[in-house]
Amino acid sequence: MRETIEETAHARTLALDVPGWPGHRAGQHLDVRLTAEDGYQAERSYSIASAPELDAVELTVELVDDGEVSPYLIEEVIPGDVIEVRGPVGGHFTWSVDDGRVLLIGGGSGLVPLMAMLRHRAARASTVEARLLASARSEPDALYRREIETLRPQEGLAVDWTYTRATPAGWKGFARRVDAEMLAAVGPGPSAGARVFVCGPTPFVESVSDLLVDAGYDPASIHAERFGPTGG
Amino acid sequence: MPPVSRGFLGRRRDAADAARLPPGQYLVEDFPVLTAGPTPHSPLDEWSLTIHGAVDEPKSWTWEEFRALETETFTVDIHCVTKWSKLGTTWTGVPLDALLEEIGTEADYLTAWSDGGYTTNLAVEDVSDGRAWIVHTFEGEPLEVEHGGPARLLVPALYLWKSAKWVRGLSFTEEDEPGFWEAAGYHNHGDPWREQRYWSD
Amino acid sequence: MTDDCLDGNGMAGLLAEATGAELTSAIRHCQSCGNEYAIGNHRAYRGAGVVLRCPGCAALAATIVERDDELLIAWHGVLRVPRPAAA
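Chains as they are written, first to last, in our numbering: chain A, 1 to 232; chain B, 1 to 201; chain C, 1 to 87.
Just so you know, these hints were derived from the structure itself, not from any lab.
Some hints here could point you the wrong way.
[Claimed, not checked] Below, a sample of chain C positions facing chain A; criterion: calculated Cβ distance under 7 Å:
hint, residue
1, 10
2, 13
3, 16
[Claimed, not checked] Distance condition first, Cα-Cα at most 16 Å in a straight line; then the derived EDC-like pairs of lysine to aspartate or glutamate:
hint, chain 1, residue 1, chain 2, residue 2
4, B, 83, C, 66
5, B, 86, B, 17
6, B, 83, B, 126
7, B, 59, B, 101
8, B, 86, B, 30
9, B, 83, A, 38
10, B, 83, A, 43
11, B, 83, B, 29
12, B, 83, B, 174
13, B, 83, C, 22
14, B, 59, B, 102
15, B, 86, B, 126
Every residue gets a Cβ at the ideal spot worked out from N, C-alpha and C, and that includes glycine.
Sequences and hints are given; from them, build the entire structure.
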């Protein structure tokens, strides 16, 4: 464990130095296994938040109430601790700038793997078209808010937030759950041939995927990743 | 042995309860939800419980008929093969003995089957003489759907995968036929005190 | 939604350990509905062991039982795994 970064009141980023790290692709996971002194073990899979180009491996972990692993990673772990990991794993939910234009739709901590993709785009200074629609309950719950505002290159990048519970004063953006009208406004539309990545809680992903298919997006272009209540 | 995660307590044994924990089990206070598939939401007016197969007389109960049967309230410890145990859980339901009396069978085995297609196999001797119930109430409240409501089988002496959630029928068989997990690698019998977790344990 | 449902992406590590291959981008032809979906897009459940189901029809795609010393894996349907030369 190299360092920890508070993201919101409920989420923390852990930066890890992983000896022999083979490199990863944006969107891949890392499995974390904890072992108690009496031998009890608990394992969870987390999306990698950092760009492949960064030298540390970063995870952003959201606190799950009554969870088993996330409270430990958020409240207990300190720099210097050793954590057992397996990875990188996964290949379906991955993107690189060489794959062409992309539409990213994230709900809550579903933003984490999408952030890895945007950081990767920034690290490669790519101007490939990337649109992000990020849904959060409120501005204080929004992950990476300030970093996303300053992401470069701006050319080709479009970012929209929607706040489903509370909006900041004077907010003129979206303030509702993702719907067909919002997807149409965000674009790029089904004929653009973009790869689409949807990540969030299971109901969010199901709903957005259905809306995309109804709007004419090719189901084969939609890559979905669901977060469920896993006991955290 | 992998490195111990400093400060990770996991699920610690309480010494006072240790004698009640089968080997390899950990105590939980919450009630973990595990499922092999989507949670079914069948309306009660379409619910029935059917006993069929190698029986003298197949029989079916509607929800109303089932709820009119005499019940028992009892307190038991439950043990999941994923290593959590929960002590002192109180349930209300119909003893399987009462249902067996009504149908009459010489069969030695049965398969419990559920909404959604889950199955598990049991020896009749493991579910008779006060060893099994079909429960509809947990801690005085209607059994929640994530824990198997409206009704689940409960066989507390065996690992909990044998206690089929959302149970809808018992099919009696002459031969022992492995169920969903028994066919996939879990032990055919599943006695937690003998730590019968997997094939050939 | 109270389903303890994730998807095949979250099982990537287990699948890689089980098969030595990156399987989440492999396509599975469902034995029940005949549709084809990436393994990463399958529904995943944790019961006694891990269960993967078809996202189209919920038919059983795989079970994985994790013993200390081995994994017990049952597959259903047909997996289409790209060969390196074709990728």
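Tested hints:
| no. | hint | verdict |
| --- | --- | --- |
| 1 | 10 | 5 Å, holds |
| 2 | 13 | 4 Å, holds |
| 3 | 16 | 5 Å, holds |
| 4 | B:83 with C:66 | 12 Å, holds |
| 5 | B:86 with B:17 | 10 Å, holds |
| 6 | B:83 with B:126 | 21 Å, violated |
| 7 | B:59 with B:101 | 11 Å, holds |
| 8 | B:86 with B:30 | 8 Å, holds |
| 9 | B:83 with A:38 | 13 Å, holds |
| 10 | B:83 with A:43 | 14 Å, holds |
| 11 | B:83 with B:29 | 13 Å, holds |
| 12 | B:83 with B:174 | 32 Å, violated |
| 13 | B:83 with C:22 | 29 Å, violated |
| 14 | B:59 with B:102 | 8 Å, holds |
| 15 | B:86 with B:126 | 21 Å, violated |
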